[in-house]
Amino acid sequence: MAKVNEAENKRKSSPKQIAAAVGRSFKDMKGEVKKVVWPTKKQIINNTGIVLFFMAISAVIIGGLDTILSLIVNLILKNA
Numbered sequence: 008m009a010k011v012n013e014a015e016n017k018r019k020s021s022p023k024q025i026a027a028a029v030g031r032s033f034k035d036m037k038g039e040v041k042k043v044v045w046p047t048k049k050q051i052i053n054n055t056g057i058v059l060f061f062m063a064i065s066a067v068i069i070g071g072l073d074t075i076l077s078l079i080v081n082l083i084l085k086n087a
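Residue numbers for the sequence shown, in the numbering used here: 8 to 87.
One or more hints might be untrue.
What the hints assert, rightly or not - Simulated pairs of lysine to any residue, SDA-like, Cα-Cα distance not exceeding 20 Å:
| hint | residue 1 | residue 2 |
| --- | --- | --- |
| 1 | K85 | D73 |
| 2 | K42 | A27 |
| 3 | K42 | S32 |
| 4 | K49 | S32 |
| 5 | K23 | D35 |
| 6 | K42 | G30 |
| 7 | K48 | G30 |
| 8 | K37 | A27 |
| 9 | K85 | T74 |
Stated by the list, open to error - Simulated restraints on C-beta separations:
| hint | residue 1 | residue 2 | range |
| --- | --- | --- | --- |
| 10 | F60 | A28 | 44 to 50 Å |
| 11 | N86 | A66 | 39 to 45 Å |
| 12 | A66 | K23 | 51 to 57 Å |
| 13 | P46 | K23 | 37 to 43 Å |
| 14 | M36 | G56 | 28 to 34 Å |
By construction, these hints were calculated from the structure, which means they are not laboratory data. C-beta atoms are modelled at their ideal positions from N, C-alpha and C, and glycine is treated no differently.
Using the sequences and the accompanying hints, generate a full structural model.
What follows is the structure, encoded as C-alpha cells:
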C-alpha cells in the first residue's frame with residue numbers, strides 16, 4: 008500500500024511543471040511546422056482537379072454498377 012502512495016505522489020506534477028511541458032510542446036510544434044514544405048498554389052489547384060476528376064469517375068462507375076445490379080435484381084424478382 009505504501010508503494011502505491013509513493014508512486015501516486017511521484018506522478019503528480021506541479022502547475023509550473025505542467026505549464027513548462029505544454030510550453031515545450033508548442034515550441035516543438037512550431038519548429039516542426041517551420042520544416043514543412045508547403046505546396047504552391049499551382050500544385051494545390053492541380054491536385055484538386057485530379058481529385059475531383061477521379062471522384063467523378065468513381066461516381067459514374069458506382070452509379071453504373073448500382074443501375075446494372077438493380078436491373079438484375081428486378082429481373083430475378085419478377086421471374087420468381
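* Okay, F60 versus A28 on CB: inside 44 to 50 Å? -> holds, 46 Å
* **Pair hint K48 and G30, alpha-carbon separation not exceeding 20 Å** => violated, 33 Å
* Asked: Within a Cα-Cα threshold of 20 Å, do K85 and D73 meet the stated pairing?
  -> Since the Cα atoms of K85 and D73 sit roughly 18 Å apart, the hinted pair holds (cutoff 20 Å).
* Asked: Hey, K37 versus A27, does the alpha-carbon distance stay inside 20 Å?
  -> Within the cut-off at roughly 15 Å; holds.
* Does 37 to 43 Å hold as the CB distance between P46 and K23, or does it fail? -> holds, 40 Å
* **Holds or violated: K42 to S32, with C-alpha atoms at most 20 Å apart** => holds, 16 Å
* Asked: Within 20 Å, alpha carbon to alpha carbon, are K42 and G30?
  -> holds, 19 Å
* Quickly compare the C-alpha distance for K42 and A27 to 20 Å and report which way the hint goes. => Answer violated: K42 to A27 is near 23 Å, above 20 Å.
* Under the criterion that the straight-line Cα-Cα distance not exceed 20 Å, is the pair K49, S32 satisfied? -> Distance of about 33 Å is beyond 20 Å: violated.
* Range hint 51 to 57 Å: satisfied by the CB atoms of A66 and K23? -> At 55 Å between Cβs, range holds.
* Asked: So does N86 sit 39 to 45 Å from A66, Cβ to Cβ?
  -> violated, 31 Å
* Asked: Is K85 within 20 Å of T74, Cα to Cα?
  -> Between K85 and T74 the Cα gap is close to 16 Å, so the pair holds against 20 Å.
In the structure shown, a violation is registered for the earlier hints numbered 2, 4, 7, 11, in ascending order.
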